[in-house]
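J.: Residue numbers (our numbering), protein chains in the order written: chain A, 45 to 304; chain B, 24 to 311; chain C, 9 to 235.
Because the hints were derived from the structure by calculation, they are not lab data. Just so we're clear, the structure is a prediction, and the values are computed from it rather than from any experiment. Don't be surprised by glycine CBs; every beta carbon is placed ideally from N, CA and C. Misleading hints may appear alongside valid ones.
[What the hints assert, rightly or not] Beyond 12 Å from chain A on every Cβ pair, some chain C residues (computed):
id, residue
1, E43
2, G49
3, N65
4, A90
5, L193
6, D217
7, D221
[What the hints assert, rightly or not] For each label pair, taking beta carbons as the anchor points, the in silico distance ranges come out as:
id, chain 1, residue 1, chain 2, residue 2, range
8, B, H108, A, R169, 51 to 57 Å
9, B, A188, C, R104, 25 to 31 Å
10, A, A175, B, D95, 31 to 37 Å
11, B, D257, A, D182, 35 to 41 Å
12, B, Y238, A, E128, 33 to 39 Å
13, A, D171, B, S254, 43 to 49 Å
14, A, D287, B, L167, 43 to 49 Å
15, B, E107, A, D171, 51 to 57 Å
16, C, S82, A, D287, 43 to 49 Å
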Amino acid sequence: MNAPVTPLLSVHDVAKYYGGRIGCTDVSFDLYPGEVMGIVGESGSGKSTLLNCLAGHLTPDQGEVLFDTRDDGLRDTLTMSEPERRMLSRTDWAFVHQHARDGLRMSVSAGGNVGERLMAVGARRYDDIRAKAIDWLDRVEISEDRVDDRPSAFSGGMQQRLQIARNLVTGPRLVFMDEPTGGLDVSVQARLLDLLRGLVREMGLSAIIVTHDLAVVRLLADRLMVMKSGRVVEAGLTDQVLDDPQHAYTQLLVSSVLQV
Amino acid sequence: MSDYNFAYLDEQTKRMIRRAILKGIAIPGYQVPFASREMPMPYGWGTGGVQVSAACLTPDDSFKVIDQGADDTTNAVSIRKFFEHTAGVATTEHTVDATVIQTRHRIPEEPLTEDQILVYQVPIPEPLRFLEPRETETRKMHALEEYGLMHVKLYEDIARHGNIATAYAYPVKVEDRYVMDPSPIPKFDNPKLEMAAIQLFGAGREQRIYAIPPYTKVVSLDFEDHPFDPSKADHPCDLCGAEHTYLDEVIIDDEGGRMFVCSDTDYCSKRQADGHRGRLSPIEEAAE
Amino acid sequence: MICVENVSKTFTLHNQSSAVIRVMEGASFTVGRGECVALTGNSGAGKSTLMRMIYGNYVVASGSIFIGDTDVASAEPREVIALRRETLGYVSQFLRVVPRVPTLDVVAEPLLAIGTDRDVAYARARHLLTRLNIPETLWGLSPTTFSGGEQQRVNIARGFAHTYPAMLLDEPTASLDATNRETVLSLIEEAKARGAAIIGIFHDKPARDRVADREIDVSAFTPLRAA
Chain A
45 MNAPVTPLLS
55 VHDVAKYYGG
65 RIGCTDVSFD
75 LYPGEVMGIV
85 GESGSGKSTL
95 LNCLAGHLTP
105 DQGEVLFDTR
115 DDGLRDTLTM
125 SEPERRMLSR
135 TDWAFVHQHA
145 RDGLRMSVSA
155 GGNVGERLMA
165 VGARRYDDIR
175 AKAIDWLDRV
185 EISEDRVDDR
195 PSAFSGGMQQ
205 RLQIARNLVT
215 GPRLVFMDEP
225 TGGLDVSVQA
235 RLLDLLRGLV
245 REMGLSAIIV
255 THDLAVVRLL
265 ADRLMVMKSG
275 RVVEAGLTDQ
285 VLDDPQHAYT
295 QLLVSSVLQV
Chain B
24 MSDYNFAYLD
34 EQTKRMIRRA
44 ILKGIAIPGY
54 QVPFASREMP
64 MPYGWGTGGV
74 QVSAACLTPD
84 DSFKVIDQGA
94 DDTTNAVSIR
104 KFFEHTAGVA
114 TTEHTVDATV
124 IQTRHRIPEE
134 PLTEDQILVY
144 QVPIPEPLRF
154 LEPRETETRK
164 MHALEEYGLM
174 HVKLYEDIAR
184 HGNIATAYAY
194 PVKVEDRYVM
204 DPSPIPKFDN
214 PKLEMAAIQL
224 FGAGREQRIY
234 AIPPYTKVVS
244 LDFEDHPFDP
254 SKADHPCDLC
264 GAEHTYLDEV
274 IIDDEGGRMF
284 VCSDTDYCSK
294 RQADGHRGRL
304 SPIEEAAE
Chain C
9 MICVENVSKT
19 FTLHNQSSAV
29 IRVMEGASFT
39 VGRGECVALT
49 GNSGAGKSTL
59 MRMIYGNYVV
69 ASGSIFIGDT
79 DVASAEPREV
89 IALRRETLGY
99 VSQFLRVVPR
109 VPTLDVVAEP
119 LLAIGTDRDV
129 AYARARHLLT
139 RLNIPETLWG
149 LSPTTFSGGE
159 QQRVNIARGF
169 AHTYPAMLLD
179 EPTASLDATN
189 RETVLSLIEE
199 AKARGAAIIG
209 IFHDKPARDR
219 VADREIDVSA
229 FTPLRAA
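One chain only, chain A, in its complex shape (with noise of 0.2 Å):
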């Protein structure tokens, strides 16, 4: 009935600056297994800042940050050695970055692509990865017949998708998004988000999604976290914070959507 009571990621006080600049400051929250968190906020905000913290590409200045490891339950990722974040990294963690060329190997082929982190992680059999990578791309609506085709040859939501397949080959339990959908047209934007959904829920996945796009969030994301000026204005349920803003900036910003 309940859900269960370790969190799988566990952010406490995080804080970096540049310089005397704040980056994000005063970050705490909890995330369960299953939760899809969304963090909006104008460009700025501190929250791909945030996300990038979280995610172990830049080291907070303060803050702990809780991974609930498959081995030794919840362990610190700051002080964590290097090689063991690097393996979470890859195998437990995912992370979508907005252009998927930052995500993908463009001079290797959709297939190459997808069976990286399998072999990263030791798989040796040419045939098993190679069926593997052709399953996913499947799952993420690549037919089989491009597996050979290089992510350049491949469109704007082909790549992200790809991308995504990459990412999730390995079975992670957390993934990262940041502005998963920027850059997409719409229709595309629609797909991928039904794709995400679907994925997240079939797989049981946590995540955190950074976008600027208030309808992003209200399909995927079970709660919500506002950030201003690096930091967190308002948190709750996705549904509460967009209907019922209780912050002067939330409020502005629910404001500010076009109605279609």
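For chain A, the structure is supplied; the task is to place chains B and C on it using the hints.
T.: Same frame as chain A, but now just chains B and C:
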């Protein structure tokens, strides 16, 4: 000779290179940075190998240079002459007589002994470079043994060509630890990397030295269902009849005629002197 | 099952010189198992606001709202999410779905979310869509392309897919023809019969008289507007 310090380089530089070599031997397959010097030849002509050879040579050594298996090409001749002039060491074309052998792109067919040193010229020492251009990242990958990317390259080969098409500079794992580029030797030579002689690799432009100590485990990377295959052209040598050597294909006329000959010229002429004959050996010999 | 106690609600409009609007005070009532309570009151009395607070969609200013053992007013987001998944159903007036998802999947989703076997979930979805007269030819299409009435029926099918112990119904019979209205009313009666606690808003008086056991006039909780 008196115009130069022995073997061209000054003694401090040689000591620096020797330290790098010792470190390389202590950590098989690990690329040791060193302060590569300007040499009186262009990059790509073996500046790394020449510096390693210079640091290894003693006045009593007998020096041999191989270029693609041959002793008589421009590169081989000029490096041999270089050390004749600057070190005054004896030079030889016979593998068995040499104590230090500098090579470009081949391992001699004749098994080497514990008394020999094989020095390789290396253009690009980093095997991960083709897929990961950032040096900071490749160093980290070596440090953390993150070698999945190496298999991505082999995967791409199979996906494109149906088999592992990499035919030279075929990546190996040394002593179960470091993935290493064996320099652009044919993969046919890979099994010979496990040998009795010391093997030193020098990359002048890239400023790296690495090494394989004698009798070190060297495994060519592969997939379980696409195992490593040290294949060669399916012919015997047309001059000495050898079936077990690496061959060069030579076009001999305008009609598409071709011959296959041992790429190791010393080995081939030794076999011919011992009476072995191939398909295109001179007539009078065959009529004997 | 549902226990609303001394609930109040204010809206603070930060962007309009921080005007504070008090919309509800002292709302208290309970709904037992198998009981259906209709919220009444004039338009603007706060029926929808109250219902949204019960669902956790609106923040409660003070007071408590217990659904079973969970106080929606103070619960963590994940507790509310679990509550909505397992215990508390909500049929709103508008269907909100991801574009491109087929109708059958939309209806089966609440069941799949609680781990119901796929075959069972889809059988239930087909059964409900059939009862609500959604032609089978439409099941494979996204409901976003449907007419208003069809969307409303898909919404109801989705809302009734899982047998929630507590349900909130916002105008479930609006814009339905007689046949479908009858179906929806019998769905409500069936839910009551299996013990669900239901709170509904029905402008349709005959429907209200038929399914509701009690009426609560929400205007009683509306504070006198300060001038």
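J.: It remains to establish, for every hint, whether it holds in the given structure.
T.: Here is how each hint holds up against the structure:
1. E43: holds (22 Å)
2. G49: holds (20 Å)
3. N65: Violated, since 5 Å does not exceed 12 Å.
4. A90: At roughly 5 Å from the nearest Cβ of chain A, A90/C sits no farther out than 12 Å, so the non-interface label is violated.
5. L193: Given a closest Cβ separation of 28 Å, the condition holds.
6. D217: holds (31 Å)
7. D221: D221/C clear of chain A: closest Cβ-Cβ about 27 Å, beyond 12 Å.
8. H108/B <-> R169/A: 51 to 57 Å: holds (55 Å)
9. A188/B <-> R104/C: 25 to 31 Å: Violated: the Cβ-Cβ distance is about 53 Å, outside 25 to 31 Å.
10. A175/A <-> D95/B: 31 to 37 Å: With Cβ atoms ~51 Å apart, the hint is violated.
11. D257/B <-> D182/A: 35 to 41 Å: holds (40 Å)
12. Y238/B <-> E128/A: 33 to 39 Å: holds (34 Å)
13. D171/A <-> S254/B: 43 to 49 Å: violated (21 Å)
14. D287/A <-> L167/B: 43 to 49 Å: holds (47 Å)
15. E107/B <-> D171/A: 51 to 57 Å: holds (55 Å)
16. S82/C <-> D287/A: 43 to 49 Å: violated (19 Å)
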